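Given these sequences and hints, build the entire structure.
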Amino acid sequence: EDQVTQSPEALRLQEGESSSLNCSYTVSGLRGLFWYRQDPGKGPEFLFTLYSAGEEKEKERLKATLTKKESFLHITAPKPEDSATYLCAVPNFGNEKLTFGTGTRLTIIP
Amino acid sequence: IAGITQAPTSQILAAGRRMTLRCTQDMRHNAMYWYRQDLGLGLRLIHYSNTAGTTGKGEVPDGYSVSRANTDDFPLTLASAVPSQTSVYFCASRQGYTGELFFGEGSRLTVL
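So the sequences go chain by chain: A and B. Residue numbers for the first sequence follow the numbering used here, so the first one is 3 and each next one is one higher. Residue numbers for the second sequence follow the numbering used here, so the first one is 36 and each next one is one higher.
In short, the hints are calculated from the structure, not lab data. Computed from a prediction, not measured in an experiment: that's the story for all the values here. We treat Cβ as the ideally placed atom computed from N, Cα and C, and that holds for glycine. A few of these clues could be false.
Said to hold, decoys possible - In silico lysine-lysine, DSS-like type, Cα no more than 30 Å apart, as pairs:
1) K92(B) - K65(A)
2) K81(A) - K65(A)
3) K81(A) - K92(B)
4) K71(A) - K92(B)
As the list claims (entries may be wrong) - Taking beta-carbon pairs under 8 Å as the criterion, some of the chain A residues facing chain B (in silico):
5) G18
6) F36
7) P42
8) T51
9) E98
10) L100
Written out as structure tokens, the structure reads:
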């Protein structure tokens, strides 16, 4: 059974303090790993897709990386508007559905 | 604005009552999904549909049913609501096999 584990559950950073969020996975043949951002009271919003170990994607202050066992979401010099819950997900073997991790709740303090 | 529309936004329901959560998309996506989101448990898949006329069970399907009569609509029905179905429900869609799911704003359901 596919499993996705995210850590930490919650992270509080000062504005400008860089850090990383972790997503480790156990799947029978990786067919991609996806990152989403979710604001309170809203549905998740797609950020990145990573397909192979060594791949990196960037968007503003966020950079996602992928190894054979885990993915990191690096946040550089974050701003308060980066505060959100960040979710990662993997597709099942048939690529019919996504399994999500429980997320990391990120708070950036001004 | 294109996207996913869910209704109702919020509902309080007595246990034992029947409830249908509505979901409509205008992006002509083939696949649609219903997830529930609970604190500490994350998003869990209830049912999905890869194309109109077909449906499949997700991780937590018991007590829920879905139908997919056309491409745009994917209603979720609770035949006889129970308090454990108190949750936030998200409908989503995607085109093809990309990882990009488009989510609705959610329906917050409280069963008393």
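Going down the list of hints, with the structure as the test:
With a CA separation close to 34 Å, the supplied pair K92(B) and K65(A) exceeds the 30 Å bound. Proximity of K81(A) to K65(A) is assessed by CA-CA distance (about 15 Å); at most 30 Å being required, the pair is judged to hold. Taken as a hint, the K81(A) and K92(B) pair is broken in the structure, with Cα atoms around 40 Å apart against an allowance of 30 Å. A threshold of 30 Å between alpha carbons decides the hint, and for K71(A) with K92(B) the separation of about 28 Å falls inside it, so the pair holds.
The criterion of a C-beta within 8 Å of any C-beta in chain B is not met by G18(A), whose closest approach is roughly 29 Å, and the hint is violated. Hint on F36(A) holds. Least Cβ distance to chain B is approximately 4 Å, under the 8 Å limit. Against a cut-off of 8 Å between C-beta atoms, the interface hint on P42(A) is violated, since the closest Cβ of chain B lies about 11 Å away. A least Cβ separation of about 5 Å between T51(A) and chain B falls short of the 8 Å threshold, and the interface hint therefore holds.
With a cut of 8 Å, the hint placing E98(A) at the interface with chain B holds, because the nearest CB-to-CB distance is about 6 Å. For L100(A), the interface hint holds, since its Cβ comes within 8 Å of a Cβ in chain B; the closest pair sits about 7 Å apart.
Hint check: violations occur at hints 1, 3, 5 and 7; the rest are consistent with the structure.
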